[in-house]
Amino acid sequence: MTSARTDDLFSTRRAGVLLHPTCLPGPWGILGASARTFVDFLADSSLSVWQTLPIGPTHRDLSPYQSLSAHAGNPDFIDLLELVEVGLLSERELSQPAPEVRHQLLTLAAERFFNNDGTGLSGLDQAGYQRFRATNDYWLDDFCLFCAIREVQAFPAWLQWPESLRDRDTEALQDFIDQNRSRLARIRFEQFLFQHQWQALRDYARGKGILLFGDIPIFVAHDSADVWANRHLFKLDERGEPKAVAGVPPDYFSVEGQHWGNPLFNWEAMAGDGYQWWLERLESQRHLFDLIRIDHFRGLQAYWEIPAETPEPKYGYWVPGPGDHFLEACFSRFPDLPLVAENLGIISDDVEELRKRFRLPGMTVMQFGFDGSPDNPHLLHNHHPRDLVYTGTHDNDTTLGWYQSLDDHTRRNVNNYLGTSGEGMPWPVIDAAFRSVCSLAIVPMQDFMGLGTEARFNTPGTVVNNWIWQLDWNLCRKDLSETIADSVRQHGRLPRD
1 MTSARTDDLF STRRAGVLLH PTCLPGPWGI LGASARTFVD FLADSSLSVW
51 QTLPIGPTHR DLSPYQSLSA HAGNPDFIDL LELVEVGLLS ERELSQPAPE
101 VRHQLLTLAA ERFFNNDGTG LSGLDQAGYQ RFRATNDYWL DDFCLFCAIR
151 EVQAFPAWLQ WPESLRDRDT EALQDFIDQN RSRLARIRFE QFLFQHQWQA
201 LRDYARGKGI LLFGDIPIFV AHDSADVWAN RHLFKLDERG EPKAVAGVPP
251 DYFSVEGQHW GNPLFNWEAM AGDGYQWWLE RLESQRHLFD LIRIDHFRGL
301 QAYWEIPAET PEPKYGYWVP GPGDHFLEAC FSRFPDLPLV AENLGIISDD
351 VEELRKRFRL PGMTVMQFGF DGSPDNPHLL HNHHPRDLVY TGTHDNDTTL
401 GWYQSLDDHT RRNVNNYLGT SGEGMPWPVI DAAFRSVCSL AIVPMQDFMG
451 LGTEARFNTP GTVVNNWIWQ LDWNLCRKDL SETIADSVRQ HGRLPRD
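Heads up: the sequence shown at position 342 corresponds to 342 in full-length UniProt numbering, and the numbers run straight through without jumps.
Calculated from the structure, these hints are not laboratory results. Check the hints yourself; a few may be wrong.
To be verified - No farther apart than 30 Å at their CA atoms in a straight line, the calculated lysine-lysine pairs in the DSS-like style are these:
#1 LYS314 - LYS243
#2 LYS235 - LYS314
#3 LYS478 - LYS208
Since this is a predicted model, take the numbers as computed values, not measurements.
Please model the entire structure based on the sequences and the hints provided.
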């Protein structure tokens, strides 16, 4: 079984960029002019895919992979300048960009929206709002309630809430709803705005011939609306604490392994209703993206279970995942589901066999190819047409930073294999990725800009200085666009209409 949509997308050679939207500068949000400017840059560069990280609301650590919701959008993306255009805010009110002012302005915009049926923009009206509520009712109310309680309780994890709210006592929840209707309406309105602006961006990108490529983390954060509202679907004790958590054993990204802390799915309970929670999750992402990556795909075949009482990943063990049964349910519901498998790290033969049975494209990473083995799957001569090639991912150093950190022996191997002296790095690696037989080549924006380790976006296993790098528009010059476009054309990655 496979997706006709994925077959179609991978029938032509393309090139794209990896950049999370939070990297775009914008004092009042990024889903308006800032995102459109970036799309214009991609179109001028002949790039046809924009890959992002997960776009849900984050905790204070800003990690896109520990979201408050598997469905919701990050309200920090909302461009408040566009609310001026529709009369929900005034230019004078946008004179002091700051997080606390942003919250107040969204509250003010919500009040004006609910007091005025027309805003002057198609779809951003009461009828559009009601359609949004009806379409997203399977997750929206629980999410809004979760966020409202967090606000009132001063943002502790849900395990620290009063017991009646923590355990979803019906009477306590109804009392809270009755006392916080305006707060709930504002949170719901934020999601409506996010969806409206994201779909406008998607339409704009599509008009420029650019596909949006999303990312689904296989696991969700414990402190999330999903776990709070669906405790029976996760391996939790009676109080709601995880019995075991997710992570990975030592690998390329971390010599000690990684203790992610996410609760593990109760796959037996999920299978009992035909994986409905997962199907709803895929449904919401299908409306946002043209292509979807499942992060940590190997967890569907077997996942690393770490006992809750130990912080050390090495004490974990492999547990079988739902495998074929789960993917069959996904493709039965969505025959055109455009999935890509993230198959990096410790990948056993049974993981690859599962991926290949469903003909899911996998990933290769240029930086991983130089361990000295000619059989390394990340080397160009071992690539496959239906796969993706990256110079590096969000978890890697930039390609320039990586190259500069290599020992002399490995650097010589890289130079010899690529036929370069190393001059102009990282472009020898970018050009090599574009030469690959892989149908889709993705390059992080930092690599296109030739930046070093200072522009690294994330270092796995660490908790500081991650997820904060931002793009400098001054480096997105016309000559860079022309250089990228020349390489795209030279390597036959201009998509056919």
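Hint-by-hint comparison with the structure:
1. LYS314 - LYS243: It holds: about 17 Å lies between the C-alpha atoms, which stays within 30 Å.
2. LYS235 - LYS314: With a Cα-Cα distance of about 20 Å, the restraint between LYS235 and LYS314 holds, given a limit of 30 Å.
3. LYS478 - LYS208: Status holds; Cα separation ~17 Å.
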